[in-house]
Structures are given as structure tokens and as C-alpha cells.
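Undergrad: Chains A and B, in that order, give the protein sequences.
Quick note: the first sequence uses this note's numbering, first residue 40, plus one each step.
Quick note: the second sequence uses this note's numbering, first residue 9, plus one each step.
What the hints contain is simulated information worked out from the structure, not anything from laboratory work.
Treat the hints loosely; a few may be bogus.
What the hints assert, rightly or not - The following residues of chain B were derived to be distant from chain A, with all beta-carbon distances above 10 Å:
id, residue
1, D28
2, Q36
3, P59
4, A100
5, Q106
6, C107
7, R115
8, R116
9, V117
10, D178
11, I179
12, V194
13, S203
14, I219
Said to hold, decoys possible - Here are the simulated distance ranges between beta carbons:
id, chain 1, residue 1, chain 2, residue 2, range
15, B, Q120, A, G131, 38 to 46 Å
16, B, V141, A, L117, 15 to 23 Å
17, B, V141, A, G168, 19 to 27 Å
18, A, G116, B, Q120, 26 to 34 Å
19, B, K129, A, G131, 50 to 58 Å
Treat the numbers as computed from the prediction; the structure is a model and nothing was measured.
All residues carry an ideal CB built from backbone N, CA and C; glycine is no exception.
Letter by letter, the chains look like this.
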Amino acid sequence: MAERIILPGVGAFGTCISQLRASGLIPALEKAVLVERKPLLGICVGMQLLADRGLEDGVHDGLGWISGEVRALQPEGLRIPHVGWNDVQASGLPGPLSWLQGEQAFYFTHSYQFVPAAASVIAAVCDYGGPVVAAVQRANIFATQFHPEKSQQMGLRILEEFLRWSP
Amino acid sequence: MRDTGNPVTNGRIYDAQGVDELIFLDIQATDSSRGLLYETIGKTAEQVFMPFCVGGGVRSVDDIRNLLRAGADKVAINTAAVENPGLISQGAEVFGRQCIVASIDFRRVGDQALVFTHGGKRATGLDVLSHAVCMAELGAGEILLTSIDRDGTMEGYDLEITRRVSNAVDIPVIASGGPGTLQHLVDAVEEGGASAVAVGSLFHFTDQSPIKARSFMATAGVPVRMQV
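With the rest of the complex left out, here is chain A (with noise of 0.2 Å):
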């Protein structure tokens, strides 16, 4: 039995809700996830399918674990996809981001960002032509927008404090 869990992402919203659910795997995350509270990483669109629903090339529902909505990037003036290593500023939360001080760069890239219905999930913020959530947290669900596997020190820490956390 896994002790922990990483929902990695590449690839579209519905596409890839849609071949999760096909894979037979949803029962299986949630009592690992929601009932036994086994600690969870989310990566990228990883973090969106948390969300109740994703807005990318039509409505999709989300396995809404963590509760908000996935919106397109509307940022006046700059480029979409958000490609590239931006600033990211932790909110405090104890937790695998506690560590992070002031802002350090990791590398995001996505065109939709997760709004979240509650700001107190809200663990890091990025800024791309106003804040965007970076990360988000709730009990034993820790997840990012940006990709610690491709962030190299920083990132890596992120991965090992994750492998730490007992939340």
C-alpha cells in the first residue's frame, strides 16, 4: 500500500479528469486520500483536478477535494502560457512550503489557474499580472502550480519536505 501519493500533470483538464476516472483508480485515491488521509502531492493540472470544476475547453467536474474553480490566465498585457521561473511568495502555512522565506523561483507553466473558494487554502502565491495561487493546502492535500520536479534545488526540497510532512 502507497504511504504517499503524487497526482502528477501534464495535459489538459478534461482530458485528463476524463482518463483518470477511465483508469478505475478514483475509489482508490479517495479512501487513500479522504479516509485514511494518507498525505497527497499535486502537480500542475494535478493540482486543478483537486477543484470542483475545470473551465478549459468546456466545463469538466473536478474531484473536488479541495473546493474552486479552474479559470483561464487573463493577465492584461503578458503572454499566455505563463512558461517560465516566476517569484513565489509561501502565505505560512506550516506545512512542505514552511520552510520557503521571501520569494524564490520556481518553474510554472499552464494557461488556467485554480481559484480557490476559500483563501485559507491559499499556501503560496505568484505574481502574473496580479496574484495567481501557487499553491494550495488543505489537511493531508499539499499542491502546486508550478513543478517542483522541474525546479531544481528548490523544487527538490519541496519533494523532500513532502516525503516529511505528517500533516
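Based on these hints, arrange chain B on the given structure of chain A.
TA: Same frame as chain A, but now just chain B:
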């Protein structure tokens, strides 16, 4: 063509130097080189923790999937984007547009800038600007814009065409082909309007490094990642 060594080793060194992204192009992609490419990508992805774009001979959604499975984060599509532009939209639909990089090679021909495919060998007659706009509309997430005339010359990027393309699309444009000095990198961003700069020869054949480049660009006022 010059051999610059093992791609996996080069990738690892660039990772240590805090390069922002790695681009691998298998410029002589053939069916028989496919297996070796997947193996190289896999070995590189195991050792390199940064964004990793791979291109060369991508013809189908299955090719894209195989490259991503091997460890690529993004796939650059060049010849197939001209012959079958629908591949760009299919790829974007399945894998997200952040995954699909339209790689455009162009040459100056008279007073025109025209798209070439097949590793720069075949003329298409397409205007680089209208092709770039088409790629963005179909769902490409980035444009890797290479001047064949400048590639490897170290004379500097083609700033005029870079500027025209970056003005015409709202997705990021990566300038490629020609930098020979660190000032050329600054010029690509400031005069060319590029979102990022691709560098090959400058790092392979001179004593310039990504660390020097980053510091030079920051001093010139270009926003770059400083803590690496």
C-alpha cells in the same frame, strides 16, 4: 556540424549551472534513431531537474506521447506542423498547449522571410509571420524561432524577424540561432521582444557560461532568475 559531446553529460552540466530550460533537437531524426533518442531522453530526465523540451521527427500524437513518456515535458514540432497543422491542435487538446512548441526554421529569401522544413533543407514558400500566427491560433504554447541563416554563425539573432513574430503572437517566442556574445542575448529580449533566448554554440565553443549570461542580462536590466 561539430560534435559537442554526450547530450546527457551536457544536460547535467547545464542543470548544475542553473540553466532555465533544456532543449534537445534530434536534427537528423530518422526512424532508426528513434530508439536512441528515447533512451537519451530517459537518461537525461533521470538526472536533470529542469524543464526539458525535445524535438525531431515528431509526426503524430503517438510520437508526442512517446516523447513525454520517455521524460520530455514539451515537444517541439517543426516539419509536421507545416505538413499537418492539425497535429498542433490535436497535441494541444490531448496534452495541453503548454506542451506543444511550434518550432519554426526560417531563411531570408530576397525581402521575404520564409519557413523551411526537414531540418532547414526544404522550402515551403510559407511566410514566417503568417505561419507563426497560424501555429498560435491552432494552440501552440510557445514558438521556437530559429534563423537558419544565423544558426551557428555567432553573428547575433535575427532581431527584425524575432520582433515581427513576437509582436504578431501572444504566446512566448524563444529566439534561436546566432548569438555570439552576451549582448546578443540582451538584444533578443529588448530589441527582438523575445520571452527567452536559446543558446548553443555560445556556451559550447566559448568561455561564456549560463552563469555569466544570467549576471550580464540582469545588469542590463533584463528580468532573469537570480537565485539558482
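Undergrad: Can you list which hints this structure breaks, lowest number first?
TA: 1, 3, 4, 5, 6, 10, 11, 13 and 15
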